[in-house]
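Asker: For reference, the chains in residue letters:
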Amino acid sequence: MTTTPVTAQTDSTEGVAKFSVRGLDFYYGDFHALTGITIDVAENAVTAFIGPSGCGKSTFLRCLNRMNDLIPGTRIEGRITLDGADIYGPGVDPVDLRRRVGMIFQQPNPFPMSIYDNVAFGPRLHGVKKKEELDGIVEQALVRANLWKEVKDIMGRGGLTLSGGQQQRLCIARVLAVQPDVLLMDEPCSAIDPTSVQKVEDLMAELKSSVTIIIVTHNMQQAARVSDETAFFLQERQGEPAELIEFARTAEIFTSPHDRRTEDYITGRFG
Amino acid sequence: MRENYRNELKAIKAEVVDIGRLVIEMSRDATVSLVEGDVDLAERVITADDDLDTRTLALEERTLETIATQFPVARDLRLLYSLAHINIHMERMGDLAVNIAKATRRTAERTGPRTLYDLIRAQGNLVHRVLEAMLEAFETSDLELAYKLEEMDEPIDHLFKQFFRELSRLQEEEEIEWASSMVLASRYLERIADHAVDIGERLVYMVTGEFEAFDESFGDEGESPAS
Ligand SMILES: Nc1ncnc2c1ncn2[C@@H]1O[C@H](COP(=O)(O)OP(=O)(O)OP(=O)(O)O)[C@@H](O)[C@H]1O
Ligand SMILES: [Mg+2]
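Protein sequence lines, in the order shown, are assigned to chains S and E.
When we follow the numbering used here, the leftmost residue of the first sequence carries the number 1, and every step to the right adds one.
When we follow the numbering used here, the leftmost residue of the second sequence carries the number 1001, and every step to the right adds one.
There may be inaccurate statements among the hints.
To be verified - Here are a few chain E residues that face chain S, going by a calculated C-beta distance under 10 Å:
# : residue
1 : 1002
2 : 1005
3 : 1072
4 : 1073
5 : 1081
6 : 1205
7 : 1208
8 : 1209
9 : 1210
Stated by the list, open to error - Pairwise CB distance ranges (calculated):
#  : chain 1 : residue 1 : chain 2 : residue 2 : range
10 : S       : 107       : E       : 1140      : 49 to 57 Å
11 : E       : 1213      : S       : 31        : 48 to 56 Å
12 : S       : 92        : E       : 1085      : 48 to 56 Å
13 : S       : 100       : E       : 1213      : 47 to 55 Å
14 : E       : 1065      : S       : 258       : 25 to 33 Å
Simulated from the structure, these hints should not be mistaken for laboratory data.
Even for Gly, the Cβ is constructed at its ideal location relative to N, Cα and C.
Work out the full structure, taking the sequences as your base and the hints as a guide.
Answerer: This is the structure in structure tokens:
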């Protein structure tokens, strides 16, 4: 496959690339949603995707764990590698890929079962049966998700009885329980209380030594606070596909962005 | 669009420009007071500095509040950050003008050699050219003009050195006391221009996002009695 020319600087300034994306185009049927996306996402770092509504952030995120495969009529061109291996290559099991590349959504979506069972769900599916082993995995995942202290005495209660912010951290624990390499977070804090936002931001900082994190956020301050690198996407004209405009160290994006369009967006001049 | 925020940024910048005008007026009056021996004018400069201090302090507060509540980024952040620095430079320039005015108090009783007056007058004129250019570069974000400031500053440093040499020719005890006040004033004038050059460097960062120190081929060699 060929790589289309790119305008944005695409090399990660951080260490090793976890995801390498080259010349990616994406279509929903006739609708061309993304074009020419080339980017290296750094391993064990937090990368923020920002841009106006409809610029394809969620679409791109779903390309990274092949969730778009589940939407009929979609088509992808270009190449995405995870640790050097093509994730759309033959012999790749999308279910296994989605375990390695977990996803958190805007609306927390715990299963209608107990807190414990929510977190144990994945490990059980992968064949962990022993009670002590499961207990250990569940506890560790809840600790990493910054929720353990709040739920350790109510593990049998329904996940849906928790507050929204706690539910979101429960979903994070559920993903972490299957030991993912990458966490994709699509506006994970848009629907939760400030205390939980703080806890999610804290856990991201703690997790990033072992997990690569990509977060989509509409909150510029959040992007500035939590991420190491920031990618700005923009659909310049209605009906045309969105592009990656600029990708750089977060501190640089928020002090001296190179592209006028990035500057206009983050300073609130449009969007 | 964040209308109120945009307007506040504009207003803060306009206030710094206004403060700049006040500073130019103060340093011009201070120089005139010195060469004319006009003590009343010197007192007016000293009084004006209270106003300047109040305004620079208020501006600092206003800038901080905007940073705290509006989370400026990118060029807005660079603007506010640079304005805060420029504000401090303005405040110091005002202090230097006051120092010159105080030298007027000490020297007005006597008249020294014509050559020294001519040198101070010439230096003052050059300093005001630098200040006017600085303010214009700042108001219009004119980088080309900002880059010229360093060059315009060079002869001022030369005049200070020449002043110093002239001074060493003086013999009489009493005249030396008078002359050392004058040479300090010359030094203050030179420092005022240095601040203007520093503001030029800030402007470059404000506009481009690149930190850049202007060429220091004629920079400070000696001690700095006031900064
Ligand atoms: N399932 C779908 N079928 C067809 N078009 C879609 C589908 N999902 C998204 N799109 C379109 O693709 C474009 C990108 O949408 P996407 O949801 O990726 O944007 P986004 O940047 O995540 O926006 P937001 O910030 O509002 O979440 C939009 O024009 C959207 O209408
Ligand atoms: Mg989205």
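Asker: Hints first: check each against the structure and report whether it holds.
Answerer: Hints versus structure:
no.	hint	result
1	1002	holds (5 Å)
2	1005	holds (7 Å)
3	1072	holds (7 Å)
4	1073	holds (4 Å)
5	1081	holds (9 Å)
6	1205	holds (9 Å)
7	1208	holds (8 Å)
8	1209	holds (3 Å)
9	1210	holds (8 Å)
10	107(S) to 1140(E): 49 to 57 Å	holds (50 Å)
11	1213(E) to 31(S): 48 to 56 Å	holds (51 Å)
12	92(S) to 1085(E): 48 to 56 Å	holds (54 Å)
13	100(S) to 1213(E): 47 to 55 Å	holds (49 Å)
14	1065(E) to 258(S): 25 to 33 Å	holds (30 Å)
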